[in-house]
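Q: These are the residues of each chain, in order.
2 protein chains.
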Amino acid sequence: MTVQKWEVFELLLHGIKEGNPFVSVELTAQFTYQDSEDNKTLCVDGFYDGDGIYKVRFMPDKTGVWTYCTHSNQKELDNITGQIECIDNDLNNHGMVRIKNTYHFCYEDGTIYYPFGTTCYAWIHQPTAIQKQTIETLKNTGFNKIRMCVFPKFYANNNEEPPMYPYQGQAPNQWDFKRFNPPFFQALENHIIQLGNMGIEVDLILFHPYDKGHWGFDSMGKEADLRYLSYIIARLSAFHNVWWSMANEYDYIKSKTLEDWNTYIEYVSKKDIYKHLLSIHNAERFFDNWHPNITHASIQIGTNSSKGEVSTGFGMYRMHRDIYHRAVIFDEVGYEGDLMQRWGCMSAKEIVDKYWKAICSGTYMSHGETYSSDDDIIWWAKGGQLKGEAWKRILFLKKIVEESHTEGLEPLDLWWILNGVGVHGQYYLFYFSDIPMNRWTFKLPAFKKPVIDMGTKFVVDIIDTWNMTIKRLPVEYVVDTSDRYYYQSKATPFIELKGRKNIALRIVKKELL
Amino acid sequence: MTVQKWEVFELLLHGIKEGNPFVSVELTAQFTYQDSEDNKTLCVDGFYDGDGIYKVRFMPDKTGVWTYCTHSNQKELDNITGQIECIDNDLNNHGMVRIKNTYHFCYEDGTIYYPFGTTCYAWIHQPTAIQKQTIETLKNTGFNKIRMCVFPKFYANNNEEPPMYPYQGQAPNQWDFKRFNPPFFQALENHIIQLGNMGIEVDLILFHPYDKGHWGFDSMGKEADLRYLSYIIARLSAFHNVWWSMANEYDYIKSKTLEDWNTYIEYVSKKDIYKHLLSIHNAERFFDNWHPNITHASIQIGTNSSKGEVSTGFGMYRMHRDIYHRAVIFDEVGYEGDLMQRWGCMSAKEIVDKYWKAICSGTYMSHGETYSSDDDIIWWAKGGQLKGEAWKRILFLKKIVEESHTEGLEPLDLWWILNGVGVHGQYYLFYFSDIPMNRWTFKLPAFKKPVIDMGTKFVVDIIDTWNMTIKRLPVEYVVDTSDRYYYQSKATPFIELKGRKNIALRIVKKELL
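Here the protein sequences come in this chain order: A and B. Each number in the working numbering comes from the position in the first sequence (counting from 1) with 1 added on. Each number in the working numbering comes from the position in the second sequence (counting from 1) with 1 added on.
If a hint is listed, it holds; no wrong ones were tucked in.
Which copy is meant is left open, so a pair is good if it fits within one copy or across any two.
Below are the DSBU-like pairs computed for lysine-lysine, each with C-alpha atoms no more than 30 Å apart in a straight line:
(1) 350 with 499
(2) 255 with 449
(3) 255 with 450
(4) 399 with 502
(5) 213 with 449
(6) 271 with 63
(7) 502 with 444
(8) 450 with 510
(9) 213 with 450
(10) 18 with 223
(11) 350 with 449
(12) 101 with 271
(13) 101 with 255
(14) 101 with 444
(15) 511 with 449
(16) 350 with 502
(17) 393 with 502
(18) 350 with 444
(19) 393 with 101
(20) 499 with 458
(21) 444 with 458
(22) 223 with 276
Calculated directly from the structure, the hints in this document are not laboratory data.
Given only the sequences and the hints, what does the whole structure look like? Please build it.
A: Below, the structure written as structure tokens:
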């Protein structure tokens, strides 16, 4: 039996159907790797998949031979042994996404990952035709992460019953929280696999408040919550492209306390032997994201950024990373759309402006869209088709970030420079938001004394963030002077920008091109 | 023996002079209060004050009889008993400043305290004439807090030797860290008392990095650090107007680790029976201000706010309180002055703008000034005289905040409104920074559905934050309509502002005037 690195090995076993195997049967497996340099044993939970079928899933992270042995309170599931050979990956699977340099992300194989995700909370709960359309849309756009919920969503613009439920019982609210519904989870897994094949990370929302007594999945009680988390981890943690989003708008879930959340976070972090990325998403109260088991901050923040109101500035984004000392993804900042709620009626320009601010603050952001329509299929809730204008500009920005070939765009100074990121001496990206820039003084931050040799040449691109144009200036900028805070060019002191708005500058050391 | 509530009772005892009493003599005292409703015993440390004199200080917080009993490893200091009668306060002493409603401050007697402080790091280490001048300046301005260091400061514009040192030994760096220098601490105490009589809280900086091997007070080692903290607490914690600022620019003190700081914070918090306010001030790395013993965040952040660069916005200030869930004082934001360092050459207008942004974000700020002069006496380091223009505007703002008669100006919405604070339905303060406002739509936030009855009248003042004028509009604004997010006035929908900058609006319910 061979399995590729970071793919799923699945051991299928047969056992009892009687009683309630979801709670009565215990099943774990030890996977052991041993060679001259390494020797490790990992223990994973198996799970009951219905119809007398039991499964154990395992994702090997190292090529070579792994042996396994099961343990169970059922004789027919106990002491099953075997071995798998983990071989090199020939698929487009770079492994799990992990934190890189505190504030950024990379795959396990070292490939840099810049999160540019979108949001379709309940797309897996829609009819098949809409699901297919969602997948098509994702294929044609290029987002590499999606926020989606396990549980169905009962909310404005989204209150149909889903085709399947995670529990056995009777809709809407007669559930046996001790009996999962395997077909539901099988379908979920197929979605995760499909998305994985498309290079999309699944930021899986484990709890959310959009239930409010309709199904009761937001208030199952602590015992059921933990059983659910255990089942989720047993089934899904072997999929490389899963992230745990403990909750959406955690503070709107009135049945759970901060202590509960801490318990659940610690539980998931402990149970998940692979240590997938783990976050929790706020509504009105920022979570205490310095919790040691939280890998990155998943922030919601709604602001008016450019409606003639007071500007939010770059500092707001930057503060999160610098206060939490964590990677930050602004997973909700309001949606491009036409809903009456203020969070659902942002203009595409506002959204694109926010994105550039986030990237030029050393953080990341997620997309969503809330254009209403006659069929009530809104991307943010159900998927389907994108109708807006922001997503193209966001993916234009994604391409720019990818082309930086950096391990993450880092702020270039303390809080004195809030609108520029890059790598000292090599690559700079500055953004000016809605400030009409006549000209920009060519000055490269010198804080902490990065070395830029006199005579170093830089090439400057003027980026129109809305019209998606990149214009390379014919003039090279040569560093020929420096002071306490900046490297500058006496020969070519300015970059003329003619009062344009929403302009960015990309400045790259010539010899790197 | 009577002592007024929140004043200092001092028990003076005589004992040995031989050896090193600073380390050999143990002395504590129990103070017990008992009446029909309450029964408590507090234990404080005594200290050696030189010349065979030992002191125990105690600040009673309750009127009535307190009995005391000392304990010591020295017979002549042991089992000394007595009683004091704590009587009502007839001085202008409101007790210690404590946290109020998470984000604000009040005195122990319930009087609201809005911190408007200034900074003179090393004023107590200057010659007497300059000290007197500093006190005169403070009397004539109205700041109610001062940041100042225990240890002298060795830094640009401040590298003279001080008149006294906290340790016995030989300047500059031959110190016996086991022998304190009582006259130094007696002088410090006199300054604290003097400031207390002026209504000024002392934000006492216990460690700082401006030493760099000159005296060695920044790198005494853990044992000496803890002995120092213990001595400080024994001597000073009975003074009501002391706050503990664990460090200035803690992350520039290379000899101490994050673990050390956590140890010191816990040590001080545990030793200080009164629980004075406790914070730690950052340079480049924000401290983990969610530490349970930290009472409020003391933040340094340097930004360009209005130099034609990108605006920092209000969000930057607001994020700190909303992320830490703590009261926040921006104790350093750059200084009004003319130094060549960017933090020391802010214009008064910039500083005033920052202050208004902080207040209108539900946070607080501190003042400082760095105008150079021939005699090298710069306010921020040495005290003396103020030369700038910001301080008057800051105290104008202080008066406005005091006149709000609120328990603290709170943000009025989630992050959708970042420039307004107040109390729903009663009092509003909006600030527009450097945005030229033609007119402002009269709209009072309705988030979380505060009740404002239709027909409620509001009086509007237009505040010119720089020219310090307040103009009351003759028109009353009557709330006559509301929607999901705002209360508005169809009859008088706008406030005309004629494109002016740095304007604030004060909107008060008429019947409260």
